[in-house]
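*Asks:* Chains as they are written, first to last, in the numbering used here: chain B, 1 to 357; chain Y, 1 to 380.
Just so you know, these hints were derived from the structure itself, not from any lab.
Where hints are given, some of them may not hold.
[Claimed, not checked] Calculated lysine to aspartate or glutamate pairs in the EDC-like style (CA-CA distance at most 16 Å, straight line):
no.	chain 1	residue 1	chain 2	residue 2
1	B	Lys154	Y	Glu181
2	B	Lys52	B	Asp77
3	Y	Lys360	B	Asp326
[Stated by the list, open to error] If you only want the chain B side, here are some residues facing chain Y, beta carbon under 7 Å, derived:
no.	residue
4	Phe34
5	Lys52
6	Val53
7	Ala55
8	His56
9	Ile57
10	Lys94
11	Lys154
12	Glu236
13	Glu238
14	Phe320
15	Val325
16	Gln327
17	Thr330
Ideal Cβ positions, reconstructed from N, Cα and C, are used throughout, including at glycine.
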Amino acid sequence: MFSFQQLAQQTHAWLQQHTGSFTVLVECAIVAVFAITLFAVLGLVLVLLERKVAAHIQIRVGPNRVGPAGLLQTVADTLKLLMKEGLVPNLADKFLFNLAPFIVMMVAMLLLAPVAFARGIQIWDINIGVLYISAISSISVIGILMAGWSSNNKYAMLGAMRSGAQIVSYELSAGFSVLCIVVLSGSLRISDIIAAQENGWWIFKGHIPVLISFVIFIIAVTAETNRAPFDLAEAESELTAGFHTEYSGMRFALFFLAEYINIFIVCAIGATLFFGGWMPLHIAHWEGFNHVMDYIPSSVWFMGKTFALILLIMWFRWTFPRLRVDQLLTLEWKYLLPIGLFNLLLVAIIAIMGWHF
Amino acid sequence: MYSETTIVTAETSQQPLQEGQLVINVGPQHPATHGVLHLVITLEGETIIKIEPHLGYIHRSIEKMSESLTYRQFIYVTSRMDYLSAHINNLACAMCVEKGMLLEVPERAQVIRVIMSELTRIASHELWIGAMAMDLGAFTPFFYTFRERETINDIMEQTCGARLTMNYMVPGGVMYDLHPEFVARVKSFVVQFKSKVSELEDLVTDNIIFRNRTVGVGVLSKADAISYGCTGPVARASGVDGDIRKRFPYSGYEKLQFEQCIDTAGDSFARYIVRIREMYQSIHIIEQLIDAIPEGDFQAKTKAVIKLPKGEFYTRVETARGELGVYIVSEGGTTPYRIKYRSPGFSNLSALNHMASGSKIGDLMATMGTLDLVIPDIDR
Numbered sequence: 001m002f003s004f005q006q007l008a009q010q011t012h013a014w015l016q017q018h019t020g021s022f023t024v025l026v027e028c029a030i031v032a033v034f035a036i037t038l039f040a041v042l043g044l045v046l047v048l049l050e051r052k053v054a055a056h057i058q059i060r061v062g063p064n065r066v067g068p069a070g071l072l073q074t075v076a077d078t079l080k081l082l083m084k085e086g087l088v089p090n091l092a093d094k095f096l097f098n099l100a101p102f103i104v105m106m107v108a109m110l111l112l113a114p115v116a117f118a119r120g121i122q123i124w125d126i127n128i129g130v131l132y133i134s135a136i137s138s139i140s141v142i143g144i145l146m147a148g149w150s151s152n153n154k155y156a157m158l159g160a161m162r163s164g165a166q167i168v169s170y171e172l173s174a175g176f177s178v179l180c181i182v183v184l185s186g187s188l189r190i191s192d193i194i195a196a197q198e199n200g201w202w203i204f205k206g207h208i209p210v211l212i213s214f215v216i217f218i219i220a221v222t223a224e225t226n227r228a229p230f231d232l233a234e235a236e237s238e239l240t241a242g243f244h245t246e247y248s249g250m251r252f253a254l255f256f257l258a259e260y261i262n263i264f265i266v267c268a269i270g271a272t273l274f275f276g277g278w279m280p281l282h283i284a285h286w287e288g289f290n291h292v293m294d295y296i297p298s299s300v301w302f303m304g305k306t307f308a309l310i311l312l313i314m315w316f317r318w319t320f321p322r323l324r325v326d327q328l329l330t331l332e333w334k335y336l337l338p339i340g341l342f343n344l345l346l347v348a349i350i351a352i353m354g355w356h357f
Numbered sequence: 001m002y003s004e005t006t007i008v009t010a011e012t013s014q015q016p017l018q019e020g021q022l023v024i025n026v027g028p029q030h031p032a033t034h035g036v037l038h039l040v041i042t043l044e045g046e047t048i049i050k051i052e053p054h055l056g057y058i059h060r061s062i063e064k065m066s067e068s069l070t071y072r073q074f075i076y077v078t079s080r081m082d083y084l085s086a087h088i089n090n091l092a093c094a095m096c097v098e099k100g101m102l103l104e105v106p107e108r109a110q111v112i113r114v115i116m117s118e119l120t121r122i123a124s125h126e127l128w129i130g131a132m133a134m135d136l137g138a139f140t141p142f143f144y145t146f147r148e149r150e151t152i153n154d155i156m157e158q159t160c161g162a163r164l165t166m167n168y169m170v171p172g173g174v175m176y177d178l179h180p181e182f183v184a185r186v187k188s189f190v191v192q193f194k195s196k197v198s199e200l201e202d203l204v205t206d207n208i209i210f211r212n213r214t215v216g217v218g219v220l221s222k223a224d225a226i227s228y229g230c231t232g233p234v235a236r237a238s239g240v241d242g243d244i245r246k247r248f249p250y251s252g253y254e255k256l257q258f259e260q261c262i263d264t265a266g267d268s269f270a271r272y273i274v275r276i277r278e279m280y281q282s283i284h285i286i287e288q289l290i291d292a293i294p295e296g297d298f299q300a301k302t303k304a305v306i307k308l309p310k311g312e313f314y315t316r317v318e319t320a321r322g323e324l325g326v327y328i329v330s331e332g333g334t335t336p337y338r339i340k341y342r343s344p345g346f347s348n349l350s351a352l353n354h355m356a357s358g359s360k361i362g363d364l365m366a367t368m369g370t371l372d373l374v375i376p377d378i379d380r
């Protein structure tokens, strides 16, 4: 059967033969090209998807003029943003103002590294994969704070401060729910976590505690990516556009793109931890069924699960009103965090006693 | 350090800023003010210390303009005041002129006026629900409420020829007779409204986040509502039974069965619920009248040039936002000597500082949203 691992090995061997000691550099360049392409494509697809989902929920048609069924709408939008003048406010801190979108973007790119897209497709199978994701994803708050501070705009400042409080708080809950899976799998490495789900996904194997940690995870990552109902950092009816009020043109587009890439990444991580990533749906002892499921390519499994979660998060956005800033923090510190801690204890007991399937 | 306008407004505010306070300008161009309202807000962190509304960005001097327009003409300008209840504004002016002329309006015209007023009220409340949900960060209800509002606008367009500024009420009755399809379309709207409003209630009323954002937010006590001169749903949500349709019935409201929707909580959620209940009451009124529109003239016979006797005339009606008063001083000529409108939005806005001080910015949007401000109505 065709496998990406084989392809990678063959390419590696071929490169070693032809480029010698520069192999690693060439491979890095290839990966970078793939990553940036994936970035652009994902951005375009997700923005269009969001607009179509919103239109469907809001009894309207959505973009349908550019290209067949509006498929090229986001391409046109990107071109427009590229050609737009990127204004920098007169009294802004110009260095930080220009740097901020790139920090947010860089974080999103770094997060792609440990994501396993299919069997054998993973840029960097680092042994502290989950820890790496938690650590890197909290850097994006620096970019947002920087954007808010350097814009020299009070709305931007308020938005950035909200975002700071929000991301720092919800990191904890997301961390605890991820830890549940780490406790069950016994490893931080993404490939080990996926391998542990060969006879069933954790969401099914881990009883109710894992279900609870999944719900907490979804709430926490929705908040971490500044998505409605937790979009207080942008909150257009309160703070016009929040931290990116003063951004225009391509700098704004970078924030916008980073938001969608972050959604993809958190959903990919959610799919990996709770739904087995690229692992097909396996049920222990059902050999025939498992065999049939294996025929569906692993990349389809991964993308299917990820996009299901993305649609869930988009559904939230177009249904719920926004929380108030104190309610947001109350929800985290008074409800999600204690529940998450207790849940982790339950999961630890399950793991020690071996009660999971 | 900050922009020029900020420095100016910070200086104009009465008290000097304390350490850690900052002044932000919400408006005149802001998504939540629904128009060109300018609020200068003093903040301490996220907490509001003081709100100072600045008006005048859309002042068109309608009252002054009306002094050089005849009694037939000045009514049409009022469609542009509270553009969401154009019918009711026109009705108030037409009634004031009729009062001066001592003119009896035919039965049919009165019934048409009430039906149109109630349709306008529903359309206005529908738009308000969508806009308020948007202020709270939910986009979707806007599209659902606009679907119903669109149906009403279509009905209006068919009979009046316009969708927003109808100019349908004239002294002595209404301008044209009803469109032949009017009754059937209104009946089908009633059916549509009753089946679709539950969707909206599922989406908004029972939403836990919506309740958390509105219950206990922006509380206005009954005493404050009276002393600030609040009217309409804002006052009724605070327990003031001041519905003009009940207190000072006009145009045949005294013959109709409907409830005055009163809540006592006085918070944003009470104002929301009062408006939702009002829509049901409006539907109830329409149902009573739609099968019993009397035959006859739709307009009383009037002279081409209307002259009012020397004197002062005042009428009031209940618009979707509250009490609209029209005060005409006549010197006996063909144009009014002086006109003054008592608009509901102005008094309701005046309570905003009292209601929202000490709360968070997010609460300000919930409070301001439920006041249902229409800025051209405040500025005129």
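*Asks:* Now tell me, hint by hint, if it's right for this structure.
*Replies:* Verification of the supplied hints:
A distance of roughly 54 Å separates the Cα atoms of Lys154(B) and Glu181(Y); the hinted pair therefore is violated under the 16 Å criterion. Of the pairs offered as hints, the one joining Lys52(B) and Asp77(B) holds, with about 15 Å between alpha carbons and a cut-off of 16 Å not exceeded. Among the hinted pairs, Lys360(Y) with Asp326(B) is consistent with the structure: their alpha-carbon atoms are about 9 Å apart, no more than 16 Å. Interface restraint check: Phe34(B) against chain Y, minimum CB-CB distance 35 Å, threshold 7 Å, status violated.
Taking 7 Å as the C-beta contact cut-off toward chain Y, the hint placing Lys52(B) at the interface is violated, the least distance being around 14 Å. Checking Val53(B) against chain Y by beta carbon gives a least distance of about 11 Å; that is not within 7 Å, so the hint is violated. Violation of the interface hint for Ala55(B) is found here, the shortest Cβ-Cβ separation to chain Y being roughly 9 Å, above the 7 Å cut-off. Because the closest C-beta pair between His56(B) and chain Y is about 11 Å apart, greater than 7 Å, the hint is violated.
Because the smallest distance between the Cβ of Ile57(B) and any Cβ of chain Y comes to about 6 Å, under 7 Å, the interface hint for this residue holds. Annotation: Lys94(B) was flagged as interfacial toward chain Y, and the flag is violated, the nearest CB pair being 15 Å apart, outside 7 Å. Evaluation of the Lys154(B) hint against chain Y yields a held restraint, the C-beta minimum of about 5 Å falling below 7 Å. The beta carbon of Glu236(B) comes within 5 Å of a beta carbon in chain Y, closer than 7 Å, and the hint placing it at the interface holds.
The interface hint given for Glu238(B) is met, as the beta carbon of that residue sits about 5 Å from the closest beta carbon of chain Y, less than 7 Å. Hint status for Phe320(B): holds, given a least beta-carbon distance of 5 Å to chain Y, under 7 Å. The interface hint given for Val325(B) is met, as the beta carbon of that residue sits about 6 Å from the closest beta carbon of chain Y, less than 7 Å. At a threshold of 7 Å, the smallest CB-CB gap from Gln327(B) to chain Y is about 6 Å, leaving the interface hint in force.
Nearest Cβ of chain Y to the Cβ of Thr330(B): about 10 Å, over the 7 Å cut. The hint is violated.
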